[in-house]
Amino acid sequence: MKSNRVLLSILGWVIGFIIFFPILWMVMASLKTEIEAVATPPSFFFIPTLENYFVVQNRSDYLNYAWNSIVISVFATLLAILIAVPASYSFAFRPTKRTKFKLVWILSTKMMPPVGVLIPMYLFYKNMGLLDTHLGLILIYTLMNLPIVIWVLYTYFKDIPQEILEAAQMECDDLLKIFLYILLPLSKSAIFSTSLLSIVLIWNESFWSLNLTAFEAAPLTAFISSYSSPEGLFWAKLSAASTLAILPIMFLGWVTQKQMVKGLTLGAVK
Amino acid sequence: MKALKAMFIAALVGASAAMTAYAEKLTIATVNNSDMIIMQELSSEFTKKTGHELNWVTLEENVLRQRVTTDIATGGGQFDIITIGAYEAPMWGKDGKLVPLSDMPASYDMDDVFPTVRDLLSHNGVIYALPFYAESSFTFYRKDLFANAGLTMPAEPNYRQFRAYAEALHDPESGVYGVCLRGKAGWGENMAYVTTMVNAFGGRWFDMNWRPQLDSPEWKEALTYYVDILNNFGPPGASSNGHNENRALFASGKCGMWVDATSAAGYIYNPSDSKVHDKTDFTRAPSARTDRGTGWAWAWALSIPKSSKKTDAAKQFLAWSTSKEYVDLVGERKGWTVAPPGTRKSTYNDNYYKAAPFARTVLNSIMAMDPTKSTLLPVPYTGVQFAAIPEFQSIGTQVGQFVAAAVAGQMSVDEALEKSQAATDRIMRQAGYY
Amino acid sequence: MKLRVLSDYPAIVVLFIWMLGPLIATIYYSLIRYNLLNPRIKGFAGIENYEFLLTDFVFTDSIYNSIQLLGSIIGITVVLGLLISYLLDQDLYGGRLLQLVIISPFFVMPTVSALIWKNLLMHPVNGYFTYLLGLFGLPPIDWFADIPLGSIIIIVSWNWLPFAVLVFITAQQSMSLEIKEASKMDGAGHLAFFFQIYLPHLGKAIGAVVMIQMIFHLNIFAEIFTTTTGGPGTQTTNLAFLVYRKALLDFDIGGASAGGIISIVFANIVAIFLLRMIAKNMNSD
Numbered sequence: 001m002k003s004n005r006v007l008l009s010i011l012g013w014v015i016g017f018i019i020f021f022p023i024l025w026m027v028m029a030s031l032k033t034e035i036e037a038v039a040t041p042p043s044f045f046f047i048p049t050l051e052n053y054f055v056v057q058n059r060s061d062y063l064n065y066a067w068n069s070i071v072i073s074v075f076a077t078l079l080a081i082l083i084a085v086p087a088s089y090s091f092a093f094r095p096t097k098r099t100k101f102k103l104v105w106i107l108s109t110k111m112m113p114p115v116g117v118l119i120p121m122y123l124f125y126k127n128m129g130l131l132d133t134h135l136g137l138i139l140i141y142t143l144m145n146l147p148i149v150i151w152v153l154y155t156y157f158k159d160i161p162q163e164i165l166e167a168a169q170m171e172c173d174d175l176l177k178i179f180l181y182i183l184l185p186l187s188k189s190a191i192f193s194t195s196l197l198s199i200v201l202i203w204n205e206s207f208w209s210l211n212l213t214a215f216e217a218a219p220l221t222a223f224i225s226s227y228s229s230p231e232g233l234f235w236a237k238l239s240a241a242s243t244l245a246i247l248p249i250m251f252l253g254w255v256t257q258k259q260m261v262k263g264l265t266l267g268a269v270k
Numbered sequence: 001m002k003a004l005k006a007m008f009i010a011a012l013v014g015a016s017a018a019m020t021a022y023a024e025k026l027t028i029a030t031v032n033n034s035d036m037i038i039m040q041e042l043s044s045e046f047t048k049k050t051g052h053e054l055n056w057v058t059l060e061e062n063v064l065r066q067r068v069t070t071d072i073a074t075g076g077g078q079f080d081i082i083t084i085g086a087y088e089a090p091m092w093g094k095d096g097k098l099v100p101l102s103d104m105p106a107s108y109d110m111d112d113v114f115p116t117v118r119d120l121l122s123h124n125g126v127i128y129a130l131p132f133y134a135e136s137s138f139t140f141y142r143k144d145l146f147a148n149a150g151l152t153m154p155a156e157p158n159y160r161q162f163r164a165y166a167e168a169l170h171d172p173e174s175g176v177y178g179v180c181l182r183g184k185a186g187w188g189e190n191m192a193y194v195t196t197m198v199n200a201f202g203g204r205w206f207d208m209n210w211r212p213q214l215d216s217p218e219w220k221e222a223l224t225y226y227v228d229i230l231n232n233f234g235p236p237g238a239s240s241n242g243h244n245e246n247r248a249l250f251a252s253g254k255c256g257m258w259v260d261a262t263s264a265a266g267y268i269y270n271p272s273d274s275k276v277h278d279k280t281d282f283t284r285a286p287s288a289r290t291d292r293g294t295g296w297a298w299a300w301a302l303s304i305p306k307s308s309k310k311t312d313a314a315k316q317f318l319a320w321s322t323s324k325e326y327v328d329l330v331g332e333r334k335g336w337t338v339a340p341p342g343t344r345k346s347t348y349n350d351n352y353y354k355a356a357p358f359a360r361t362v363l364n365s366i367m368a369m370d371p372t373k374s375t376l377l378p379v380p381y382t383g384v385q386f387a388a389i390p391e392f393q394s395i396g397t398q399v400g401q402f403v404a405a406a407v408a409g410q411m412s413v414d415e416a417l418e419k420s421q422a423a424t425d426r427i428m429r430q431a432g433y434y
Numbered sequence: 001m002k003l004r005v006l007s008d009y010p011a012i013v014v015l016f017i018w019m020l021g022p023l024i025a026t027i028y029y030s031l032i033r034y035n036l037l038n039p040r041i042k043g044f045a046g047i048e049n050y051e052f053l054l055t056d057f058v059f060t061d062s063i064y065n066s067i068q069l070l071g072s073i074i075g076i077t078v079v080l081g082l083l084i085s086y087l088l089d090q091d092l093y094g095g096r097l098l099q100l101v102i103i104s105p106f107f108v109m110p111t112v113s114a115l116i117w118k119n120l121l122m123h124p125v126n127g128y129f130t131y132l133l134g135l136f137g138l139p140p141i142d143w144f145a146d147i148p149l150g151s152i153i154i155i156v157s158w159n160w161l162p163f164a165v166l167v168f169i170t171a172q173q174s175m176s177l178e179i180k181e182a183s184k185m186d187g188a189g190h191l192a193f194f195f196q197i198y199l200p201h202l203g204k205a206i207g208a209v210v211m212i213q214m215i216f217h218l219n220i221f222a223e224i225f226t227t228t229t230g231g232p233g234t235q236t237t238n239l240a241f242l243v244y245r246k247a248l249l250d251f252d253i254g255g256a257s258a259g260g261i262i263s264i265v266f267a268n269i270v271a272i273f274l275l276r277m278i279a280k281n282m283n284s285d
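Protein chains in written order, with the numbering used here: chain A, 1 to 270; chain B, 1 to 434; chain C, 1 to 285.
Worth flagging that the hints you see were computed from the coordinates, not collected in a lab.
Accuracy of the hints is not assured; some may be wrong.
Facing chain C, a subset of chain A residues (Cβ under 10 Å, in silico) [claimed, not checked]: (1) Ala66; (2) Ile70; (3) Met128; (4) Gly129.
Computed cross-link-like contacts, SDA-like style, restricted to lysine to any residue with a CA-CA straight-line distance of at most 25 Å [claimed, not checked]: (5) A:Lys102 / C:Leu133; (6) B:Lys25 / A:Val55; (7) A:Lys126 / C:Lys42; (8) B:Lys254 / C:Lys42; (9) B:Lys254 / A:Lys177; (10) B:Lys254 / A:Lys100; (11) A:Lys177 / C:Pro139; (12) B:Lys94 / A:Phe46; (13) C:Lys42 / B:Lys310; (14) B:Lys310 / A:Lys177; (15) B:Lys275 / A:Leu233; (16) A:Lys126 / C:Tyr28; (17) A:Lys100 / C:Tyr28; (18) C:Lys42 / B:Lys25; (19) B:Lys334 / A:Lys102; (20) C:Lys42 / A:Lys177.
Quick reminder that beta carbons are idealized off the backbone N, C-alpha and C, glycines included.
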């Protein structure tokens, strides 16, 4: 039995190492000189240098991009939650014949290829003065993530026993109060985990962010674009920029892993 | 009130001070190549001089092109200065999307800019973009390897010799591939090179009635040669090597020969970037049936969209960054080998020749380029490595993919050309050429 | 009743506008001749844009590639995800830390993962895989030329495998200890337990993973754009990339809009499958 556990653990860690390797290799490359980064055979032992990080920061102001990423992903998520909570609530507690249809329809809005509507959107944004603004990206990401957020919240609310609600309705007939004092506390963790998922998805979206911004509102996905395939050796600088771009979100993911797990399951799991 | 006050001050202090009083923030979209990164570093000098600050949007070439085209075509107005090439400048100038730049001040000395380069960026004699650097294409080769193999590179090689040299130099065991050529799909990547090669073999994109000619024997001969030489004497993964990948390969000593942009010579000659800086020599691009259109004609240039609201400040930046003074500044600060080449007569002075021995060959190639006479047979279009029509970007993209597929071995040359011909025909028909 | 706000109306209305606005614009553009590079191409096009797209052999290829991408990625992530989550369910040394390690790729943005795989790992000269193959005396693989679609599948699967693992781990935590203990008492081996108890219990979770991935992988774009730009030839051109090429490489907005409309039709066909699956899921509640 014991040896079994050891064997399985070794297997598990080998698999873990393989899966994590690309990230590890990227971080290692970011600490090498450009010459070392492309060396064949690859160098495993080297004197780490932070030079690439300085070069990257010097050339493009990382904090400006990171700040935009944070602002956009947080506010778009908040807005989406604000719209989605009542919707999911009504889907879960006052289902009608058409609820199921509506839910599927909501999900299917996510299947449009964004590039198909880029030009109409671009013209619209131009006329509204939304190009290269935080608001512009926040709006588009709210809409993009709304379906997923509604779904996840819906499946949570559905799991809240009807009895609790009925009992509450006996006591008080103000729906708003019930909602605020009974349902919301019950689904705090649900809303939190959904928000996390939404933030991750927005953080990593690269199409709209690249096409609707220039400088003022450009997030980290635009920052990366100036380091992909330039002239000469660039692997170390690319790795440093990439590490910087994913570091905040990965850290958030690690810290809140447990809560996020719940958000991912779409109620398939109870 | 504010404006009045500013006017008052301007009147008092004079025009130069007014510039500082009206300090603007200019948003500039540019490509992430090394010349532009140097420009970004040195731009603090411009800010010091004029007070105007710059927001840099530095993107890789593909993304830059899609962003700039969308913005220009819709009049989005996100950029005050854009980086465009010899393909876009005349086209957009003609469509009235760019600010005409014929009225540059005398101190700019427009006559110092090579007439061929000016023509590349003009429509009907009006210039719409100022050249940052200009390039043709020529052959880079390793003189040490040539000497070892007992070969000498002639001043005007042809493709028959070229293949023999590639074969002689090819030695993958010791990490040297006979020849590196662009293979990555794209109208500005593999198709730029392949078109010069087709020109050399006597082919053309269109006949005088705009019918695509990709099913002609010339195309087949050229493409067969290209696929064969890359597969036999090229590096692995040739179909994903673009200009930058090949530049890195050549600089790290992995290529015997390389036909590519003259503007890369400074990089190859720079000891801190290149392992082969003292082992490389240059000569004309190979010819075959003809030597017309064997070296391409290109310029990266800065331009101002009509939608910009800061035209005056943007013009100042253009004047500064494409001036003689800027070339000198780069020469002094960064070394003459990386000075922006190919745009001004004054660049080619003794200082430059001393530091950059490749300069004369580059200059000859640039003087030889002629977008109006690039093919053996008559054609209805101008342009050397492209046909200067709006549809070419689309055509070049698709044909580029099929050519890359042929190099990757996913398609035969015949199949690639057949599909290319069909795709080009569709696009031309859709656009109403016939 | 007092509270209209507490309803689905705002969301439905917002989404309706979001859906309808662009949709109407797209239908409009798909019926006209509109090219960003050439203002001289104009006028009503009728069904011309559709005709050009549907008769293009690239279109058939792209549908085929879209389906292949979708199927392979979902298949790989589900199978590997099940195996890994089963492994993680065993009492491993450092299991919690291992879980963190395994879910990490989910947080890597697609552009970055494509760049890292393309350059640092899959590069045919300096890539790490080339070095590994060399250790075994094997010739280098030119990934994006030899198995272009396969390479994209590998990259996207790496990105999404953690997602499957996460969902399955959560799902199995709900499996009561008694079941596990009981089956261990019965002396059921790993194989029997996996197939007879584990898989059936995770049925719904598998459904959820398939569904969400369908939504996200129908429009795979960043990975293709960064690595192969749809080539060589048309080998990695999926429907989303074809529309991209029409819109932002050809700047043929008419054609791209037609492509967008066709994608929506295609998405809806997929959605019908989705609807069936969800209906099943919901009814079994």
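Requested in this report: Could you work out which earlier hints the structure fails to respect and list their numbers in ascending sequence?
Outcome: 1, 2, 3, 4, 5, 8, 9, 10, 11, 12, 13, 14, 17, 18, 19, 20
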